[in-house]
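Participant: So the protein lines, in turn, are chains G and C.
For the first sequence, position 330 (counting from the first letter as 1) is numbered 330 according to this note's numbering, and the numbering increases by one without interruption.
For the second sequence, position 191 (counting from the first letter as 1) is numbered 191 according to this note's numbering, and the numbering increases by one without interruption.
Since the hints were made in silico from the structure, they are not lab data.
Honestly, I wouldn't trust all of these hints.
Stretch by stretch, here's where chain G covers chain C in the computed footprint (C-beta under 8 Å, at least three residues) [stated by the list, open to error]: (1) 67 to 81; (2) 348 to 354.
Pairs of lysine-lysine residues, derived as DSS-like cross-links and limited to a Cα-Cα distance of at most 30 Å, are as follows [what the hints assert, rightly or not]: (3) 176(G) <-> 396(G); (4) 112(G) <-> 412(C); (5) 27(C) <-> 112(G).
Glycine residues also receive a C-beta, built at the ideal position from the N, C-alpha and C atoms.
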Amino acid sequence: MAQGQMAPGIVSGRLSSDELTSNFADLHPPLAPHEAAVAADRCYFCYDAPCVTACPTDIDIPLFIRQIQAGQPQAAAQTIFDQNILGGMCARVCPTETLCEEACVREAAEGKPVQIGRLQRYATDTVMATGEHPFERAAPTGKTVAVIGAGPAGLACAHRLAMLGHDVVIHESRPKPGGLNEYGIAAYKSTNDFAQAEVDWLLKIGGISVETGSVLGGTISLDGLTANYDAVFLSIGLAGVNALRAQGTDKDGVRDAVDFIAEVRQAEQLAHLPVGRNVVVIGGGMTAVDAAVKSRLLGAEHVTIAYRRGRDAMGASRYEQDLAASHGVRILTHVQPVAVHGTGAAAEIELEYTTTQDGKLAGTGETVRVPADQVLKAIGQTLEGAPEGLALDGSKIAVTGAGRTTLDGVWAGGDCAAGGDDLTVTAVAEGRDAAMDIHATLVS
Amino acid sequence: MADLTTNFLGISSPNPYWLASAPPTDKEYNVRRAFEAGWGGVVWKTLGSEGPPVVNVNGPRYGAIYGADRRLLGLNNIELITDRPLEVNLEEMARVKADYPDRALIASIMVPCEEAAWKAILPRVAETGADGIELNFGCPHGMSERGMGAAVGQVPEYIEMVTRWCKTYYDRPVIVKLTPNITDIRKPAEAARNGGADAVSLINTINSITSVNLDTFSPEPSIDGKGSHGGYCGPAVKPIALSMVSEIARAEATHGLPISGIGGVTTWRDAAEFISLGCGTVQVCTAAMTYGFKIIDELTAGLSEWMDEKGYSSIDQVIGRAVPNVTDWQYLNLNYVAKAKIDQDQCIKCGRCYAACEDTSHQAISMSDDRVFEVKDDECVACNLCVDVCPVEGCISMEPMAAGTVDPRTGKEVDPAYANWTTHPNNPMTKAAE
Chain G
1 MAQGQMAPGI VSGRLSSDEL TSNFADLHPP LAPHEAAVAA DRCYFCYDAP CVTACPTDID
61 IPLFIRQIQA GQPQAAAQTI FDQNILGGMC ARVCPTETLC EEACVREAAE GKPVQIGRLQ
121 RYATDTVMAT GEHPFERAAP TGKTVAVIGA GPAGLACAHR LAMLGHDVVI HESRPKPGGL
181 NEYGIAAYKS TNDFAQAEVD WLLKIGGISV ETGSVLGGTI SLDGLTANYD AVFLSIGLAG
241 VNALRAQGTD KDGVRDAVDF IAEVRQAEQL AHLPVGRNVV VIGGGMTAVD AAVKSRLLGA
301 EHVTIAYRRG RDAMGASRYE QDLAASHGVR ILTHVQPVAV HGTGAAAEIE LEYTTTQDGK
361 LAGTGETVRV PADQVLKAIG QTLEGAPEGL ALDGSKIAVT GAGRTTLDGV WAGGDCAAGG
421 DDLTVTAVAE GRDAAMDIHA TLVS
Chain C
1 MADLTTNFLG ISSPNPYWLA SAPPTDKEYN VRRAFEAGWG GVVWKTLGSE GPPVVNVNGP
61 RYGAIYGADR RLLGLNNIEL ITDRPLEVNL EEMARVKADY PDRALIASIM VPCEEAAWKA
121 ILPRVAETGA DGIELNFGCP HGMSERGMGA AVGQVPEYIE MVTRWCKTYY DRPVIVKLTP
181 NITDIRKPAE AARNGGADAV SLINTINSIT SVNLDTFSPE PSIDGKGSHG GYCGPAVKPI
241 ALSMVSEIAR AEATHGLPIS GIGGVTTWRD AAEFISLGCG TVQVCTAAMT YGFKIIDELT
301 AGLSEWMDEK GYSSIDQVIG RAVPNVTDWQ YLNLNYVAKA KIDQDQCIKC GRCYAACEDT
361 SHQAISMSDD RVFEVKDDEC VACNLCVDVC PVEGCISMEP MAAGTVDPRT GKEVDPAYAN
421 WTTHPNNPMT KAAE
């Protein structure tokens, strides 16, 4: 039963099932054929197109849009999948406003880029709806590669390796493959269990087995992997979260945003999912926006994002910030958490205003209290459980070239590896490129 | 406000926009709607001889080609002349003309190439009060296979003969409508003049197949799996029509012959262009069929606005103004040198100019790592392709070089004097004359 938006504390059923279903519908519904035709007609087929340069996976965007214009979305999809086997998910979750669509010359010309993301979805959906897999495997090479982590990087790497004739075993610690596509992406960007459907479709290439519950440092070890496989690709993501330095963070109602997001993604029934009446999200990245928007969609009355610097410094793009604002999320900038107050459970969060002095962030001493029965920490994830013996670059696994680690026969890519943005599309590119390098090494 | 009143062969209309003989003018209902909307005149859908009317196909009559966003660029049709009884058409024409005496109403006629047939129909048309007749020597499909339409229009002798009959048995203006499906448009125009025609109108539609269905391999429009060439019209044919109009306007034998221009008139600008090439009126069909009669508001307001801007107070002042500037290639000034110039402020960095020039022209545009595109004056032949492919109007322009400056491509000074091919040293004919 709906308890209403006014119910205090962290409770479920703030909204009716119908309201929840409507709230969590596709953020950008798919283009109908007519819409796609109109959108595709706007592409200028630029020379050495800026959108391609902006795409981490180098999809030939003008070509695939021209193929849509010419009435062959399935051919367009092939162009996309050649470069990015997770082109379906990327079409949904890529921050296109800071990638291809920001670079689109029609953004410069009219402030209205070609809708590249939605056209990509139109093309890829067309093929995926058929259920057919558009690639075939090369002749078997007799080599077997271990991929650790079934997120975007691992899946892209595994698919490319399988296509090239290698056998692949993916070791995944969670119960389901997909990584952040399954556990992390905002629910309103990937509806209808698309992440699992995409994994199933991807695995149709054959030659890839997925072993879930397989934990590096637990059930498996890097030594064992290097001994048993011809090559290893590490795509273990960032399993740790940064600690929040403030008092009272051990109170009930304070938790990591990534766990909250995963819970929303995995929820059988959103109506059973509890959310606070007053939610405060700490952080300024996409995770913060996702957590904040989801809280509102679940029925939280007041949701605030508290970020310690200005809006320009936020990891979330302006588009994402506007998305949050349009869902009624208040964005408080230049504040840092000092303490969570409440008896047993969180009731308020105390935030200190910040200023920048000599390039360093400093508290001003002035504080403000915001009601908060739920505090979601979204201040970044960290590498956790990286095998010993691998050199690190900062806090991530050091790589050179196409994901080569300092250990022979071990490659790494995705969020766990140094370099590149922590984006699905970047992870796909790194997985794909590492696969090509592994292949070149194995067949040489 | 410029006066758009048109006097064409003594036929007055409040503006130069007539609806061409075509489906929009097939019956009283449509024509009344057109006149209420503000059209200056109509050429009634072509009448045939008395007796059982022709029949049309019962499947699709039109096919189309499109530009971006499914904008209709070309339309083709396989419809025949009116399939309604002659008597009905004549009665309706008389009623409409009586109710709209200030509008032009022209009867289009196509009857067999026999004197008796023309002698029979002309008095009946005259009785309607129509302001004149237009001889349909143009339809390229169906009727031409029966010895009418384009089958007449392609034989200058027939044109002259039929025109003469019409001038004999009809005392109002006779306009001869010409088919473009011919090698030299000047010949039929000259024949029409020789036969006594008061004017010519052109172009009629062009033989065309708009597409082939790749499932059935039938041309479109497809009638039960088969297709036939139809008549092509719409914006795509305008350049062909302008050229043909200009040929007639400037040929010695036909110079001064009044012309009613037809072919892809879609906006006021198209009309102004036809008029400047010598047309006293323009006829519109596809634009009306695409957007409805209401476009007349833009057509009239736009033409009037432009005339005001330019200081023209009447259509007569515009007619033929561009004709003296139509010449043969051999008389073009070879000492005129221009260079492309890219306005960096307007450039959106799509690189289409670069691709076009680098791949298909003269490698005269450079591209920097940060996508700045610049013209290499020492390679640019001013071909205009970059201007044509640039999506931003006005971003790239052709700038003439001042006399006395040095063209970096040729290393030669720009000569202020006019010089053309007829006197050029590379011309073998020039040498032969020496």
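Participant: Each hint: holds or not?
Facilitator: How the hints compare with the structure:
{"no.": "1", "hint": "67 to 81", "verdict": "holds (count 3)"}
{"no.": "2", "hint": "348 to 354", "verdict": "holds (count 6)"}
{"no.": "3", "hint": "176(G) <-> 396(G)", "verdict": "holds, 24 Å"}
{"no.": "4", "hint": "112(G) <-> 412(C)", "verdict": "violated, 46 Å"}
{"no.": "5", "hint": "27(C) <-> 112(G)", "verdict": "violated, 46 Å"}
Figure legend: structure checked against the earlier numbered hints; hints not met, in rising order: 4, 5.
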